[in-house]
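**Q** Here is how the chains run, residue by residue.
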Amino acid sequence: MATLRLRALRKSYGTAEIIKGVDLDIADREFAVFVGPSGCGKSTLLRMIAGLEEITDGDLFIDGARVNEVGPADRGLAMVFQSYALYPHMSVRDNMAFALKLAGASKAERAAKVAEASRILQLDAYLDRKPKDLSGGQRQRVAIGRAIVRHPKIFLFDEPLSNLDAALRGQMRIELARLHRDLAATMIYVTHDQVEAMTMADKIVVLQAGRIEQVGSPLELYHHPANLFVAGFIGSPRMNLLPVRVVSGDPAGVRVGLPGGGEVVVPVDSTRAAPGTGVTLGIRPEALKPGAEGALAGAVRHVERLGGLTLAHVAVTDSAVADGATVVAQIEGSAPVRVGETIRLTIDPGATHLFDGEGRALPHQSRHPLAA
Amino acid sequence: MVKQSLSRRIGIAVLGWGAAFVLFFPLLWMLLTSLKSEPEAVTPSIAFTPTLQAYGDVLARADYLAFALNSVIIAIGGTVLALALAIPAAYVMAFHPTKRTRSTLLWMLSTKMLPSVGVLVPIYLLFRTLGLLDTRIGLILVYTLMNLPIVVWMLFTFFKEVPNDILEAGRMDGARTGAEVWHLLLPLTLPGVASTGLLSLILCWNEAFWSLNLTSSAAAPLTAFIASFSSPQGLFFAKLSAASTVAVAPILVFGWLSQRQLVRGLTFGAVK
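Note that the protein sequences, when read in sequence, are chains A and B. Mapping of the first sequence onto my numbering: residues 1 to 372, in sequence order. Mapping of the second sequence onto my numbering: residues 1001 to 1272, in sequence order.
Hints in this document: simulated from the structure, not taken from any laboratory. Please note: incorrect hints may appear among the correct ones.
[Unchecked claim] Listed next, the in silico DSSO-like pairs over lysine-lysine satisfying Cα-Cα at most 27 angstroms (straight line):
#1 B:Lys1112 x B:Lys1099
#2 A:Lys20 x B:Lys1099
#3 A:Lys107 x A:Lys153
#4 A:Lys130 x B:Lys1160
#5 B:Lys1160 x B:Lys1112
#6 B:Lys1160 x B:Lys1099
#7 A:Lys132 x B:Lys1099
#8 A:Lys113 x A:Lys153
#9 A:Lys101 x A:Lys153
[Said to hold, decoys possible] Between beta-carbon pairs, the in silico distance windows are:
#10 A:Gly357 x B:Thr1101: 47 to 57 angstroms
#11 B:Thr1101 x A:Asp133: 50 to 60 angstroms
#12 B:Leu1027 x A:His89: 51 to 61 angstroms
#13 B:Ser1216 x A:Asp128: 27 to 37 angstroms
Glycine residues also receive a C-beta, built at the ideal position from the N, C-alpha and C atoms.
So here's chain A without its partners, still in its complex pose (with noise of 0.2 angstroms):
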């Protein structure tokens, strides 16, 4: 049991102010990762819950207990660094250890919990090595074996995956996951990877400039961004966001007007748009397809063909709303696209957002199923 309560949380560097008032709650078991663009202020957060900076101003619970005196050592915090920090003097099998000997763990207790850990995290064959001899991945689950060897309340983990290579760090997500699964415990994992949010969170944070944007799970932020923000920063390759107007409001939803005539109708509450106001429409890539009756049309500007994908940019033209706009359409990789042919890309309505003037969204009639 460890769930944890941030109230109005703050965090000051003399008239800097890095945590603007943030409140979040993350249940028991919970996987969940604060996720934003470098500087957000994600691994401010993160060291304000392990303790290791000081709060300046609102309440941390761990359990229902107030802790924003606590210090590091006393909060039973288990925490994973970028850098790994791993004890460079102590061999392998001395780093795991070294939490249960500050504890005052037997010495048998401690053989059995070190070896426990490294038959999970597989590092049996260099419980004597030293880190300096072990590679980048081995000594992240070093670093991630001393974790679990406390058995703590919560485990922090912040941009752990950020310097191993690509291969890599596509097995530690998944291991990771599976620890989350094997372990039942409570995990905040900072990154600024959306792949990494998305593929391990139960509950995404997203965090701008001090604030939170939006909370919820990866397929909630991903089917209803609650802001213009979380709908470019969540969804890979990102939302095209096009400037338009609304021309009327429909019982099935808002009708807007598309850069080159075409109009669509986008599924969202209608009381809010007046006719003729500016708003943003977001499309996801892959709800743009090539199509005869395409309501957009623009000139092909160049083509990443990913194998089993390929995205087309497209140049939107004609118009007086959004001139120049480029949109990203997410199709098959055999599609024979090609650079400076003028396609046509039918919109599904179901995959498009609209935000007003202050950037946040309009609800959608219906949630998204997978979102609910």
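Given the coordinates of chain A, assemble chain B onto it according to the supplied hints.
**A** Just chain B now, kept in the frame of chain A:
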């Protein structure tokens, strides 16, 4: 590596040995003089019959072991105390700096620029009042304070090399400040701490100004032992050289044994 020409290698070797000889020459001359008889000692001749006469005279006249014991106790005491005070100070300055840390460090170092004689009278009076004149503890205190700025500075630069992440990881593992310093910081900076301690030992051993002014007999270290041979009756070079040789011999041997450690410490962190 580029292979150097033979003449260049010979040139460098000659230059290196030459420099070493120049630096070592005073010690060599002292050793040679100490092996001469008094009449020979005032001549620059190197053709003489070696004799241990001067050593015999010196050891007969003064209790060398008592002086040496004082030197050992005072040098070790001053070093241990300086490290005990400097480690926490350098830790705080390196890992929990404030706006004033830099200026505090500079101020500490600036006290080294003060001529010692400028504070001789106040210190002397203070020592007399406190009953510290001619006591080992008094000299230990003076040496500690004397070396503290440089010890703090050296430790500070060594501690700065340790990534903060590692100490934070220790804190997350349940280490309080004491355990953090003992289990992580000190083992990681051991070469640096050792060379700092060695330097402090050497400085304490060689210090003459305070030991001559604040001690007379009971706590007098080897520097006072040497000084006692420059007597009003005139200089007896052979005896003076013999006294100096036995006074510097222990620290010389010690320095020679620990030179690898010293060099390793002083270049610690220079190459990552």
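**Q** Taking the hints in turn, state whether each one holds.
**A** Results of checking the hints against the structure:
| no. | hint | in the structure |
| --- | --- | --- |
| 1 | B:Lys1112 x B:Lys1099 | 23 angstroms, holds |
| 2 | A:Lys20 x B:Lys1099 | 25 angstroms, holds |
| 3 | A:Lys107 x A:Lys153 | 23 angstroms, holds |
| 4 | A:Lys130 x B:Lys1160 | 22 angstroms, holds |
| 5 | B:Lys1160 x B:Lys1112 | 22 angstroms, holds |
| 6 | B:Lys1160 x B:Lys1099 | 16 angstroms, holds |
| 7 | A:Lys132 x B:Lys1099 | 35 angstroms, violated |
| 8 | A:Lys113 x A:Lys153 | 16 angstroms, holds |
| 9 | A:Lys101 x A:Lys153 | 18 angstroms, holds |
| 10 | A:Gly357 x B:Thr1101: 47 to 57 angstroms | 49 angstroms, holds |
| 11 | B:Thr1101 x A:Asp133: 50 to 60 angstroms | 36 angstroms, violated |
| 12 | B:Leu1027 x A:His89: 51 to 61 angstroms | 38 angstroms, violated |
| 13 | B:Ser1216 x A:Asp128: 27 to 37 angstroms | 58 angstroms, violated |
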